[in-house]
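In order, the protein sequences belong to chains D and V.
Sequential numbering of the first sequence, starting at 1, is according to the working numbering.
Sequential numbering of the second sequence, starting at 1, is according to the working numbering.
For the record, the hints were derived by calculation from the structure and aren't laboratory data.
Misleading hints may appear alongside valid ones.
Said to hold, decoys possible - If you want a taste of the chain V side facing chain D, the calculated C-beta under 8 Å gives, among others:
hint	residue
1	R29
2	G34
3	M249
4	A262
5	W263
6	K264
7	H621
8	L626
9	A628
10	E647
Unchecked claim - Chain D regions said to be covered by chain V (calculated; three or more residues, Cβ under 8 Å):
hint	region
11	147–153
12	212–220
13	236–249
Stated by the list, open to error - In the DSS-like style, the derived pairs of lysine-lysine whose C-alpha atoms are separated by at most 27 Å in a straight line are:
hint	chain 1	residue 1	chain 2	residue 2
14	D	K31	V	K295
15	D	K319	D	K234
16	V	K264	D	K31
17	V	K264	V	K166
18	V	K590	V	K536
19	V	K594	V	K522
20	V	K362	V	K10
21	V	K362	V	K381
22	D	K168	V	K238
23	D	K168	V	K594
24	V	K536	V	K522
25	V	K295	V	K264
26	V	K659	V	K590
27	D	K24	V	K362
28	V	K594	V	K362
For glycine and all other residues, C-beta sits at the position ideal for the given N, C-alpha and C.
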Amino acid sequence: MAVEIRVPRLGWSMEEGTFLGWLKQEGEAVKSGDVLYELEGEKATQEIESLDVGVLRIPANAPVPGSVVAVGALLGYLVSDGEAIPDTSPTRERGEADTNPTRERGRALHETTNPESRASNPESVTLNPERGGAPALADASGYMDRVIASPRARRVATELGVDWTRLKGSGRNGRVRERDVRAATATDGTRSTFSPRRRVIADRMLASQRQTASVTLTTRADATQLVRLREQFKASKTPTIVPSYADIIAKLAVTVLRQYPHMASRWDGDRLIEPTMTDDLAIGIAVDTDGGLLVPVIPQVSRLSVRQVAERSRELIEKARAGKLSTAEMQGGVFTITNLGAYGIDAFTPIINVPETAILGLGAIRREPVVIERDQIVIRDLITLSLTFDHRVTDGAPAARFLQTIRAAIEDAAVWLLN
Amino acid sequence: MTNNTNSQTKLALYRRMQIIRLTEEELARCHQRGLVLGACHTYVGEEAIAPSVCAHLGPDDPVFSTHRGHGHALAKGAHPRELMAELFGRETGLSRGRGGSMHLFSPEIGMMGTSGIVGPCILQACGGGYSSKLMQTGRVAVAFFGDGASNNGAFHEGLNMAAIWKLPVLFICENNQFATEIPFAYASGNPSVGNRGSAYGIPGFELDGNDALTIHRVAGEAVARARAGDGPTLIECKTYRTRAHAEGMGDFGYRTREDVDAWKLRCPIARLRQQLIADGSATEVELDAIDAEVKSLVEESRRFAEGSAWPSANDATRHVYCEQPSPPRSPIRNVIPAPSSETREITYTQATHEALSEEMAKNPRIFVMGEGIGVRGGNFKTTAGLFDIYGPVRLCDTPICERGFVGLACGAAMTGTRPVIDFMFADFVMDSVGEIVNQIAKMQYMSSGRLKMPVLLRGCIGIGHSAATHHSGSYYAMYGQVPGLRVVVPSNPFDAKGLLKRALNCDDPVLFLEHRELLTVKGTVPTEEYEIEFGKASVVRTGRDVTVVALARMVQQTLSVCEELERDGISVEVVDPRTVLPLDVETILKSVAKTGRLLIVDEPPASCGFAGEIAAQVAAHGFNDLDAPIYRLNGAFAPTPYSPPLEGAVVPSPQAIAKTIRELMEE
Ligand SMILES: Cc1ncc(C[n+]2csc(CCOP(=O)(O)OP(=O)(O)O)c2C)c(N)n1
Ligand SMILES: [Mg+2]
Numbered sequence: 001m002a003v004e005i006r007v008p009r010l011g012w013s014m015e016e017g018t019f020l021g022w023l024k025q026e027g028e029a030v031k032s033g034d035v036l037y038e039l040e041g042e043k044a045t046q047e048i049e050s051l052d053v054g055v056l057r058i059p060a061n062a063p064v065p066g067s068v069v070a071v072g073a074l075l076g077y078l079v080s081d082g083e084a085i086p087d088t089s090p091t092r093e094r095g096e097a098d099t100n101p102t103r104e105r106g107r108a109l110h111e112t113t114n115p116e117s118r119a120s121n122p123e124s125v126t127l128n129p130e131r132g133g134a135p136a137l138a139d140a141s142g143y144m145d146r147v148i149a150s151p152r153a154r155r156v157a158t159e160l161g162v163d164w165t166r167l168k169g170s171g172r173n174g175r176v177r178e179r180d181v182r183a184a185t186a187t188d189g190t191r192s193t194f195s196p197r198r199r200v201i202a203d204r205m206l207a208s209q210r211q212t213a214s215v216t217l218t219t220r221a222d223a224t225q226l227v228r229l230r231e232q233f234k235a236s237k238t239p240t241i242v243p244s245y246a247d248i249i250a251k252l253a254v255t256v257l258r259q260y261p262h263m264a265s266r267w268d269g270d271r272l273i274e275p276t277m278t279d280d281l282a283i284g285i286a287v288d289t290d291g292g293l294l295v296p297v298i299p300q301v302s303r304l305s306v307r308q309v310a311e312r313s314r315e316l317i318e319k320a321r322a323g324k325l326s327t328a329e330m331q332g333g334v335f336t337i338t339n340l341g342a343y344g345i346d347a348f349t350p351i352i353n354v355p356e357t358a359i360l361g362l363g364a365i366r367r368e369p370v371v372i373e374r375d376q377i378v379i380r381d382l383i384t385l386s387l388t389f390d391h392r393v394t395d396g397a398p399a400a401r402f403l404q405t406i407r408a409a410i411e412d413a414a415v416w417l418l419n
Numbered sequence: 001m002t003n004n005t006n007s008q009t010k011l012a013l014y015r016r017m018q019i020i021r022l023t024e025e026e027l028a029r030c031h032q033r034g035l036v037l038g039a040c041h042t043y044v045g046e047e048a049i050a051p052s053v054c055a056h057l058g059p060d061d062p063v064f065s066t067h068r069g070h071g072h073a074l075a076k077g078a079h080p081r082e083l084m085a086e087l088f089g090r091e092t093g094l095s096r097g098r099g100g101s102m103h104l105f106s107p108e109i110g111m112m113g114t115s116g117i118v119g120p121c122i123l124q125a126c127g128g129g130y131s132s133k134l135m136q137t138g139r140v141a142v143a144f145f146g147d148g149a150s151n152n153g154a155f156h157e158g159l160n161m162a163a164i165w166k167l168p169v170l171f172i173c174e175n176n177q178f179a180t181e182i183p184f185a186y187a188s189g190n191p192s193v194g195n196r197g198s199a200y201g202i203p204g205f206e207l208d209g210n211d212a213l214t215i216h217r218v219a220g221e222a223v224a225r226a227r228a229g230d231g232p233t234l235i236e237c238k239t240y241r242t243r244a245h246a247e248g249m250g251d252f253g254y255r256t257r258e259d260v261d262a263w264k265l266r267c268p269i270a271r272l273r274q275q276l277i278a279d280g281s282a283t284e285v286e287l288d289a290i291d292a293e294v295k296s297l298v299e300e301s302r303r304f305a306e307g308s309a310w311p312s313a314n315d316a317t318r319h320v321y322c323e324q325p326s327p328p329r330s331p332i333r334n335v336i337p338a339p340s341s342e343t344r345e346i347t348y349t350q351a352t353h354e355a356l357s358e359e360m361a362k363n364p365r366i367f368v369m370g371e372g373i374g375v376r377g378g379n380f381k382t383t384a385g386l387f388d389i390y391g392p393v394r395l396c397d398t399p400i401c402e403r404g405f406v407g408l409a410c411g412a413a414m415t416g417t418r419p420v421i422d423f424m425f426a427d428f429v430m431d432s433v434g435e436i437v438n439q440i441a442k443m444q445y446m447s448s449g450r451l452k453m454p455v456l457l458r459g460c461i462g463i464g465h466s467a468a469t470h471h472s473g474s475y476y477a478m479y480g481q482v483p484g485l486r487v488v489v490p491s492n493p494f495d496a497k498g499l500l501k502r503a504l505n506c507d508d509p510v511l512f513l514e515h516r517e518l519l520t521v522k523g524t525v526p527t528e529e530y531e532i533e534f535g536k537a538s539v540v541r542t543g544r545d546v547t548v549v550a551l552a553r554m555v556q557q558t559l560s561v562c563e564e565l566e567r568d569g570i571s572v573e574v575v576d577p578r579t580v581l582p583l584d585v586e587t588i589l590k591s592v593a594k595t596g597r598l599l600i601v602d603e604p605p606a607s608c609g610f611a612g613e614i615a616a617q618v619a620a621h622g623f624n625d626l627d628a629p630i631y632r633l634n635g636a637f638a639p640t641p642y643s644p645p646l647e648g649a650v651v652p653s654p655q656a657i658a659k660t661i662r663e664l665m666e667e
């Protein structure tokens, strides 16, 4: 039976070597112990001895001297006299070593080796206790601006519904600790009345007060047409939604803002962006909810009918009250309307919904005697309008003209809406 | 012996040698084919030796071997199938795929293992001999080793121990004239190994290692002497390996082809063949028939090995520890009792002494070895009075050869007895770390769970009383790195007694480290016998605000400041893991979940240490419970100094502990 001559492994980690050439001729008789060929391994060149006896047969496509050969590659055969070379192709380079699972497993083990251990520097190890990796105060710039909390404080904050990012930490470097989170809740263990949502509102209000130069203008407008319009909706035979005053005024405001686009500008960082004529203007409507003030935004108001605005705002208000408003649904407004009329408030000083430029406050609509032409006294429905605007963006006179136009639009609502 | 048996024995010898030759040659081929995965040192040229010695042994006579061990395994009766399968990394291999060529185990037939480390087999054979002597089984242990090993300390320590205790051991040195490529003539001042026997007061022989019949005769006499209680024999067999040191290695950088060819002509198998024909023991035809039968046996074995399944990767971490541990001999009791009529106040040393004497009374396989632990009763009174009861074999004073007697303990445990090594100081163990880490710890694993390793290694650790740096190390973190060990570090008499009793019934090797500053500390210990489980931490003090994990003396140091801190409103919980391996992470995590703060107080330096391990575990598994960074308070990164001001500065003091706890509370 033919004996295969294959490339041996010389040394533990050899995977391939260079076949330097035969030391026996094709067809020559080989005894056990004879040197057969030369192979260059990792460390040195070796003459490889035969363990077996036979006649050397070198297949035509066997590796030629000088070629790099994989361990296990077939070089030739020792056959008995007259025996033919077996039918195996010598290009089947490697033997069973290829299917050796231990090599693969070795690799897998490396990958799962735990990377968590970080060697400590022995020189830094002294009797001083090691602090858990927090940077020293000296290079704490930037680090100090960020609120830090212990993992445990974060966990407890989540459990108690406390926003730890707002807390002042009592730990080293101001780290918020569990006790700070617990102190932020009432001592009897109930939840803090200062909810995370309240905290967001507070932040925004404060930011608005700090960042804008706000001025509030008030005026009164005759809302008789508005009231009548709503009556008509109410009395309509076709079942329909009845728009709120804010809905109707939102629709009117969009028309007026087209004439005063700077009142619809928004801050984007340092830049003030004024809407173009083709931009769709979105109007925010302030909504009072259990959790506090929310301002859903009605997009594309100019494209919607009053009824559609009403439908859309009703939907958003319900979502807001149910706490289901998405962040997207509160973004992108250019102007906000806020209504305290239902509480009998007339004039107030609304706070601009940054980064917008102005906000319109609606007061209560009251039936009042009004002196008209020829000193006639009539009864009208009057509304107080409070416009807060950012004096950085525009001045008192243009803002007043804007408010005047709003008033005109309210007083002549039917015409403005239909135009 | 009749002529008939004689020739049968010779034929068996011939067959065994031929099995070795043909198996080795087949393995060489398989190595070239890539079937043999790791190193492969063949026995070709040396086949006369092992079969001639093993012919006198029964399956209960233990053999301990080296890296060149295929021939020893086959001579002891291992089937070539299992040998080949092991080298191919298969499930059916001698060591079930965990060992390979240099870790061949078949304890069922007394093949106690080959070793990738040159030397330890000599000491392990002494252990096999010691077991035989202690249990009076009449067994004879054999060590096979090379000329290279004869210049290793294990040789000198082993031969000396075997000599003084008259152990039934054969030391068979296979002098093939090279250790890898280093000629024996260069490496040894004395050209003979055999005549070194007289240096230790034992018989020594220098034989032609290619002459099977002579070796057979001399080994037979040596075995008979050993069985008769007349002690050990050293036999040097001068031989030659006619293949390279290991398959794939070059062979002619250090010797010539002519040398090798000349030795091939002195083939031990051909020689025996001629002798058998000459003395009429066999005919050519009979011997040819044996050759053919062996050839097909080897071929069948290779096919079997090649066709065998690979072991399952899921089992890679099995057998690190004993899978069927012996049950406790006393009730388990993990929690320290309050003082009562059923307890006493005794010292740490009294507690461990009670544990040892109670268990020695129950278990005749327990013996203690150490320096001065016999008549003297131990440097720390660990064995006081026991010598009078149990005598010199069970309380065995040793020469100062730590490596030697730890290696002996390994071999003793492998052969069924339960050695207790009493080191005095754990620092002295450093001389035997190779035996602990490479042999004792890995033995159960390498043998795929077929050997148990009930070795107890005990000694003092700890800084204090100007012990200075060779009598104060702790080292448990180092041992904590070693799979297969149990590492126990008790902090009080209750724990010390219960854990030592567990250790004396445990089938895994245990390092039992006793802090010297605690030896005279008193504590509450039950009157009844009990054991404490390994891997159960003890909550030594309950508290609210901060968890301190500590071992040994650091537990006591921490406890000493807890009242003061309590007065300042800081409530400290102290957790003592008691065992470093296995480590009870769960109890620590539970405590940190409560307190949110963790300090680990640890006497040795911090680098790569026990405190770091706990910190990593808690950071990984208790991250969300942490209200502050994890602190470590460790000893300084320095050897232990002598002078009190220096010594005090390298070890955590109660003041430092209190200060660190206060700082941690500020985090
Ligand atoms: C303690 C130790 N040191 C070094 C080695 C590397 N090594 C493996 S075999 C060997 C030579 C051993 O020579 P010898 O004892 O004569 O045995 P031989 O190989 O000749 O049979 C060496 C140095 C080892 N395995 N163990
Ligand atoms: Mg040698």
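Cross-check of the supplied hints:
1. R29: holds, 6 Å
2. G34: holds, 3 Å
3. M249: holds, 7 Å
4. A262: violated, 12 Å
5. W263: violated, 12 Å
6. K264: holds, 7 Å
7. H621: For V:H621, the interface hint is violated, since the closest Cβ of chain D sits about 11 Å away, which is over 8 Å.
8. L626: Holds. Min distance 5 Å.
9. A628: holds, 6 Å
10. E647: With a closest approach of 13 Å, the V:E647 hint is violated.
11. 147–153: Our answer is that it holds, as 4 residues pass the Cβ test (under 8 Å) against chain V, meeting three.
12. 212–220: violated (count 0)
13. 236–249: violated (count 0)
14. D:K31 x V:K295: holds, 18 Å
15. D:K319 x D:K234: Satisfied, since the Cα-Cα distance of roughly 24 Å is no more than 27 Å.
16. V:K264 x D:K31: holds, 14 Å
17. V:K264 x V:K166: Roughly 38 Å between the alpha carbons, so the hint for V:K264 and V:K166 is violated.
18. V:K590 x V:K536: The given pair, whose Cα atoms are some 13 Å apart, holds under the 27 Å limit.
19. V:K594 x V:K522: Between V:K594 and V:K522 the Cα gap is close to 31 Å, so the pair fails against 27 Å, i.e. violated.
20. V:K362 x V:K10: Judged against 27 Å, a Cα distance of about 47 Å means the pair is violated.
21. V:K362 x V:K381: Roughly 21 Å separates the two Cα atoms, so the pair holds.
22. D:K168 x V:K238: Cα-Cα ~83 Å, so violated.
23. D:K168 x V:K594: Since the Cα atoms of D:K168 and V:K594 sit roughly 23 Å apart, the hinted pair holds (cutoff 27 Å).
24. V:K536 x V:K522: holds, 22 Å
25. V:K295 x V:K264: Measuring from Cα to Cα gives roughly 20 Å; hence the hint holds.
26. V:K659 x V:K590: holds, 24 Å
27. D:K24 x V:K362: Answer violated: D:K24 to V:K362 is near 72 Å, above 27 Å.
28. V:K594 x V:K362: This hinted pair is violated, its Cα atoms lying about 43 Å apart.
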